[in-house]
Amino acid sequence: MTGPATNDPADLTIAAAGAALRTGDLGAVELLDAVIARASVTEPHLHAYLTLDRPGSRDAAEAADRRFAAGEPSGPLDGIPVALKDNLCTRGVETTCSSQVLAGYIPPYDATAVTRMREAGAVLVGKTNLDEFAMGSSTENSGFGPSRNPWDTDRVPGGSSGGVAAAVSVGSALGGYGTDTGGSVRQPAALCGLVGMKPTYGLVSRYGLIAFASSLDQIGPLARTVGDAVDLLEAVAGFDPKDATSIRGDVPPMRRSLDTGVAGLRIGVVAELTGEGIAPAVAAGFRRTIDALAGAGADIVDVSLPTAPHAISVYYLIAPAECSANLARFDGVRYGLRVDAASTEEMMAATRAQGFGPEVIRRVLLGTYALSAGYYDAFYGQAQKVRTLMRRDFAAAYEQADVLVCPTSPTTAFTLGERTADPLTMYYSDVCTIPCNLTGDPAVSVPTGLDDHGLPISFQVMAPALGEEMLFRVAAEVERLSGFDARPALATSEVLAP
Amino acid sequence: MPVDIDIAKVAKLARIALTDEELARYGAQLGLILEHAERVQAIDTDGVPPTAHPFPTTNAFRDDVVGPSLDRDEVLSQAPDAIDGYFRVPRILNEG
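In order, the protein sequences belong to chains A and B. For what it's worth, our numbering labels the leading residue of the first sequence as 112, then goes sequentially. For what it's worth, our numbering labels the leading residue of the second sequence as 12, then goes sequentially.
No lab work stands behind these hints, which were simulated from the structure alone. Please note: incorrect hints may appear among the correct ones.
[What the hints assert, rightly or not] Coverage of chain A stretches by chain B, computed from C-beta distances (three or more under 8 angstroms per stretch; other residues unrestricted):
#	stretch
1	151-158
2	240-247
3	312-326
4	580-586
[Said to hold, decoys possible] Simulated restraints on C-beta separations:
#	chain 1	residue 1	chain 2	residue 2	range
5	A	G406	B	V76	53 to 59 angstroms
6	A	E183	B	A63	23 to 29 angstroms
7	B	D74	A	R169	35 to 41 angstroms
The model shown is predicted, which means the values in this text are computed figures rather than measured ones. Glycine included, each C-beta is placed from N, C-alpha and C at the ideal position.
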């Protein structure tokens, strides 16, 4: 099902494409054309994109070529075609959150991450599909139809950043940005064989990210290699006065230890996230990586996070509560859909009923209930206290280990429709990723191999807050040890033949 | 046991107009999800402070300097209805 990388520029890593752009062996427009050509072939199979910004991307690529011609490239992302999840505001380019309530919305401003990405010279190819308002783990909750997995189009690409994962995986972008509230960058990266990373909370500005759960949301990169993910993150990280939760102070170094290896590092295997509920192939792949890390000189230690089994329950109180407050703004007054009615209140209620999909309505109702009079302490308040206990658990574990590890997703990619009937089954998809959203710590998913169906298996590394240097150091070693370089069937199959 | 909630009241608070059939379906689903969530209530949190935010934050001030705002016409161009530089909504007062 997989084959060697082609000579097509769409299959290059950001690092390789950047090198070719700087030597003049490749032009930015030529690279963009290759990516658009790939998209034109793969989109009918994948539906990764909601909007392709053809004129905007062409202008950006031509500008990059002028900088290269003048010998003044902006940095490692200059001229690189990048995909953006459609919950990040882009001035002049439709931004929908995959919701009918925002269909046709043209933001009057760029998100800070988008501004920085553009300043770095990256070429915005288009806006990618997601579960509506980032609520989901399969992209099946999109208000515009699901995306599909390039490794097997009967299967989901994960979610909620499923569109950007499918695009980067298949070569209709070289890298991309998603958002991760409960695993929405890491889990689709895992299901699509990519590196996906959630930075420390506050490292990347949330200004212009259409909010889902403000104390959990974080923008993060998806890429084909750890080094590419570092380039993408460095371009957008750093203090922003427009986000009150943005971390003041220096961005941690991320690249300088990528080649250091893991000799002498203590790697903590989390007991609660590596046993029951993990599919056999995923567990076996995880064990192989652990053995390889031990062989590379790491000290493997067993650690416990006693509150980790409660993470999903805590998350499904905190995230819906925050979403019910954040999504109050979609009321038919300032932007998006309006369903006419006699009174303003009826107009708002009719607009929200028609504009929101079932999962969004479910979570808004859940959050409204959890925050309502008489229930606040029992649900939201208690969940926040358990969140404190979880942070203490992690702090104790980091006394014993430099990083913590577990699988990213308990299974490989599942089929469309397999988990849509029961919300709780879908929620379990994020069992291994949610804890780091609750603690605010950084985490990264790295692909390590394929299961018997030819589907990617991934390995998750977690580090203490602002421990990105250590995180990427271990991730880079996992990448080297696994030697994973497989490409999805759709990127190498006969559909690409002329 | 599934949690029994007054789903019609919740939907009204959330400003979402749902049919009786939808209310019944969401009510049942929320009951099951909250049953799951009730496990959280069994955890001993005596004396544990809540975490509202991953890292302690204090007020984040910026310098009090006038800067550019969003363009009003560009903003209003996205509104379902606007008039004379304002957002327009259905009548909210009864008087003439």
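Of all the hints given earlier, name the ones this structure violates by number, lowest first.
1, 2, 4 and 6
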